[in-house]
Amino acid sequence: MRGGLRIIAGTALIVAVAGGLVAGGVYAAGGRINTSKSLELGLYWTVDRPVAVGTYVMFCPPEQKIFIEAKKRGYVGAGFCPGGFSPLMKKVLAARGDTIAVTPRGVTVNGQVLPYSKPVSVDGLGRALPHVPPEEHTLDASELLLMTDISPTSFDGRYFGPISIEQITAVIRPVLTWKGE
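For the record, in the sequence shown the residue sitting at position 154 is 154 according to our numbering, with numbers rising by one throughout.
Treat the hints as calculated values from the structure; they're not laboratory data.
Check before you lean on any hint, since a few could be wrong.
[What the hints assert, rightly or not] Derived DEER-like restraints, expressed as beta-carbon distance ranges: (1) G77 with N110: 42 to 52 angstroms; (2) A12 with K65: 22 to 32 angstroms; (3) G42 with P82: 22 to 32 angstroms; (4) L5 with K65: 16 to 26 angstroms; (5) A9 with S164: 21 to 31 angstroms; (6) E63 with G4: 46 to 56 angstroms; (7) G30 with R2: 41 to 51 angstroms; (8) G42 with F80: 16 to 26 angstroms; (9) I14 with K65: 25 to 35 angstroms; (10) S142 with S86: 21 to 31 angstroms; (11) R96 with K179: 30 to 40 angstroms; (12) P133 with I8: 23 to 33 angstroms; (13) T11 with P82: 36 to 46 angstroms.
[Claimed, not checked] Pairs of lysine-lysine, PhoX-like flavour, derived with a Cα cap of 20 angstroms: (14) K37 with K118; (15) K179 with K71; (16) K179 with K91; (17) K72 with K37; (18) K118 with K72; (19) K91 with K118; (20) K71 with K37.
C-beta atoms are modelled at their ideal positions from N, C-alpha and C, and glycine is treated no differently.
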């Protein structure tokens, strides 16, 4: 009986180590997994492309009060970005020259309301969510609006506003994805 348990334990250890090596290799090669509501669930790959409207990106949240609170609440995970944040994945929905505004109807880009962009006042636990001031803002060359276009409950630009292009760590493309919920 003891020999059987040793074989099972040894096999489990080998499988765990092999799985870790494969996962590490995929990550080193550019593979990234999305488990958030911001993009479709699944595997994304880093690509050598310029950041532009319509591209998917990963970014390190800046060390600002809003992201510190978001981490405490679980909207942003712990990770290796400065401040101990996990990188976030979003879609670039506005860039240099675009005029954005967060309104009660939703986020507008050049006067057009984005789908799934209506801000909510409280999260699922009844805690107040931050709000970006409602005035119009024209993005300069250093700013991007990073959001979802598939989920009404994503923590995105409707709550934290424009992000500096310097925060972008990678452009990513979907490889194997599926719709969540």
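Now the hints, each set against the structure:
1. Checked against the given bound of 42 to 52 angstroms, the beta carbons of G77 and N110, roughly 33 angstroms apart, lie outside it.
2. For the pair A12 and K65, the supplied restraint of 22 to 32 angstroms is violated, since their beta-carbon distance comes to about 44 angstroms.
3. Between G42 and P82 the CB atoms are about 27 angstroms apart, so this pair conforms to the stated range of 22 to 32 angstroms.
4. For L5 and K65, the hinted distance range of 16 to 26 angstroms is not satisfied, since their beta carbons lie about 52 angstroms from each other.
5. For the pair A9 and S164, the beta carbons lie near 49 angstroms from each other, so the given range of 21 to 31 angstroms is not met.
6. A hinted range of 46 to 56 angstroms holds for the C-beta pair E63 and G4, which are about 52 angstroms apart.
7. The hinted range of 41 to 51 angstroms is satisfied by G30 and R2, whose Cβ atoms lie roughly 44 angstroms apart.
8. At roughly 22 angstroms, the beta carbons of G42 and F80 sit within the given window of 16 to 26 angstroms.
9. Separated by about 46 angstroms at the C-beta atoms, I14 and K65 break the suggested range of 25 to 35 angstroms.
10. For the hinted restraint 21 to 31 angstroms between S142 and S86, the CB-CB distance of approximately 23 angstroms keeps it satisfied.
11. Between R96 and K179, the C-beta spacing of about 31 angstroms keeps the proposed range 30 to 40 angstroms intact.
12. At about 59 angstroms, the CB distance of P133 to I8 disagrees with the hint of 23 to 33 angstroms.
13. Checking the proposed 36 to 46 angstroms range against T11 and P82 shows it holds: the Cβ atoms sit about 40 angstroms from each other.
14. At most 20 angstroms may separate the alpha-carbon atoms for a hinted pair to count; K37 and K118 meet this at roughly 15 angstroms.
15. Pair hint K179 plus K71 does not hold up; C-alpha atoms about 25 angstroms apart against a cutoff of 20 angstroms.
16. Between K179 and K91, the direct Cα distance comes to roughly 16 angstroms. Compliance with the 20 angstroms bound is thereby established for this hinted pair.
17. At roughly 18 angstroms between alpha-carbon atoms, K72 and K37 fall within 20 angstroms of each other, so this suggested pair holds.
18. Our distance criterion of 20 angstroms between C-alpha atoms is broken by K118 and K72, whose separation comes to about 23 angstroms.
19. Taking the CA atoms of K91 and K118, the gap is about 16 angstroms. The hint holds against a cut of 20 angstroms.
20. A C-alpha spacing of about 16 angstroms is found between K71 and K37, which places the hinted pair at or below 20 angstroms, so the restraint holds.
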